[in-house]
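Just so you know, the sequences run in chain order G and E.
Just so it is clear: in the first sequence, position 147 is 147 by our numbering, and no numbers are missing.
To convert a position in the second sequence, counted from 1, into our numbering, add 1000.
In short, the hints are calculated from the structure, not lab data.
Bear in mind the structure is a predicted one, so any value in this text is a computation, not a measurement.
Careful, some of the hints might be misleading.
Capping the alpha-carbon separation at 25 Å, the derived lysine-lysine pairs in DSS-like fashion look like this [as the list claims (entries may be wrong)]:
hint, chain 1, residue 1, chain 2, residue 2
1, E, LYS1033, E, LYS1075
2, E, LYS1225, E, LYS1073
3, G, LYS289, E, LYS1180
4, E, LYS1059, G, LYS289
5, G, LYS224, G, LYS341
6, G, LYS289, G, LYS225
7, E, LYS1180, G, LYS213
8, G, LYS341, E, LYS1059
9, E, LYS1180, G, LYS225
10, G, LYS27, G, LYS224
11, E, LYS1243, E, LYS1064
12, E, LYS1075, E, LYS1223
13, E, LYS1033, E, LYS1059
14, E, LYS1252, G, LYS27
15, G, LYS289, G, LYS341
16, E, LYS1243, E, LYS1223
17, E, LYS1086, E, LYS1180
18, E, LYS1252, E, LYS1073
19, E, LYS1075, E, LYS1086
20, G, LYS8, G, LYS213
21, G, LYS289, G, LYS27
22, G, LYS224, E, LYS1180
23, E, LYS1243, G, LYS289
24, E, LYS1225, E, LYS1075
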Amino acid sequence: MDHSGVSKMETILVLTHVDETGSALTKASLEAVTAGIELTRQLSASLTIGILGLNAEAAASVVAATGARLLAVSGDAFAQPRYATDAAGCEALCRATQASIVLAPGSSRFTRVAAGVAHRVGGFIDTHITALSGNDSVDATRWFYRQRIEAVVSRNARPWFLLLDAGTHTAYAGESGAATVEAVAVTLPATRTAVEGLRIPLLDAQTIRPDAKLLFVTGAGWTKKQPDGQIHVAEASSLILDFLRLTGASLGSSKSLADQKAEGEQSVLPFLTHMNQIGQTGSTPRHAKGLSTCCHGEEPHVVGWRFIGERRAISLDPNCGWTRGKADVVYIADAFQVIAKVNALLEARS
Amino acid sequence: MANALQIVVCAGIVPDPLQTLEPVTGPNGPGLKNEMVLPAVLDPWAACALYEAAQLVAKNPGSKLWLVSLGPKAKLQQVMMTVGQKSAFELVPIDGPIGGFPDAASTAAALAEAIAALPGLDRERLLLFGGWESATRGAGVTLQLVGERLGITEQFQGVDQITLGEDGSFEVLERVEGGKHQVSVCTATPAVLGWATGNLAEPRNNPQTGMANMRGIMPALAKAKHVDLAANGLSYVSVNLPKQQRETRVEKNMTADEIASELVAWITAE
């Protein structure tokens, strides 16, 4: 592969993978396809799409209209995400294309293996890319220090792997058609890992909804003493769950609330886990709107809100962090009262 | 002794999350203003990995725990004064640049070299731990690259739980999309586990543990090897603080009914 730099014509590989059906591309993969098409046009490069999965060939029809060369790695070994097999499959796709730039979705499946694959083919990697720009060169935008500093980076070493954050490009939606797919053979490595499946929260407890329009963030104030001097955890729990049911929102939490444990090491709010955590040591989700309640809005929290469009907060503290340019609207009020009334209004409308 | 483990935790140091960060460009590229005087802490997700590792070592007699950390010696010493009180470990310091802007591949190479040179490490029994992402670069690639360099092809990222079996196998829960966990069973070490939050609270400081650790930490720091990190073709076009400052409307006098009506209209608007 070419390690010499950027002056020669780039060859772009978009690595994609199938969803749990085994034969359809994930939304994040289709977003990476869009990025690949745009970058190919910008650099006058050649485009190949590589598909990994149980029945990768079947997934190719949705990208047939791209006109890209299509490669597939298929088989039972790729039915489930696993480092050893996925890395071998992606490595085979990279070697088959000799790509100088490799784009891939920043899914859990590919974030697990992409750096290893880059290393195997002598390349380098940058992840969490939120934008690609430049004319003759490639400039990639990403965040450092947990979404507190934004940088534009470039590399003159190839191959260059770029993992794209979900939601940063529109999903490719060309017309499906018959696709000519080249199957790429993979020498499967020995592996000691068996994937047993997914552990999915009970339906009532499934509070993380990446596709929801609204993020509802709860802070430690929900479990603090209220004006009557008492703690009202059961009421808080009921209000939060009712709100989630009525709005379809995704639930986020401050670290301090997720850390709180009741007797028996169960969280005070049993439907909350560390996976709900938003901020410095949590996630940075993408939602159109976000509503914060009982959370003081200091920097460690707010870094997790970097990609939230419209932001509102309910807080009893008129000097909380949200009021200092971090939210669009801050209501100085008791979240217990307000959310109860919001729930009543939403219930009446449904 | 079936589960006598050899755990190496890779953990960097990061500015305390409450500090204000301001990027500056120096002769060696971007960095943070007053970076060397900013209070630092152990990288939060890597700290979770350390606490999980310490608990595994405590539960499995004959096990050993190393903490490998790359950073300026002075900052490492400062952070270890606190971290050393959390759990017993052998520090393997590498004297090098601080911050998130150096290239991850160079960082990984330095870490892998240090781990490969650890005296007494049985690599067949190795569990390589770290955070699944750092709070500096946040790329989530360093540990994976260290694993590749050490020839470890059983790797897990976003780990929240490991459960050891009697036969040396272990079950791992990894975070995947939508608040779910992928469950895998690995029949034996070696393996790489990039930890998310895990399930353990931060241990209380134990001054006795701190005193014992410091007896090894100070000589190790004195002998720490210096490394320079190659850029590997990485260059920075720009490094900036986000300019997004919102015009906040603060409503102090609305009733709960008025707020609820406004919120419902906002939530249900397309």
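Q: Taking the numbered hints from earlier one at a time, note which ones the structure violates and give those numbers from smallest to largest.
A: Violated: hints 4, 6, 8, 9, 10, 11, 13, 14, 16, 17, 18, 20 and 22.
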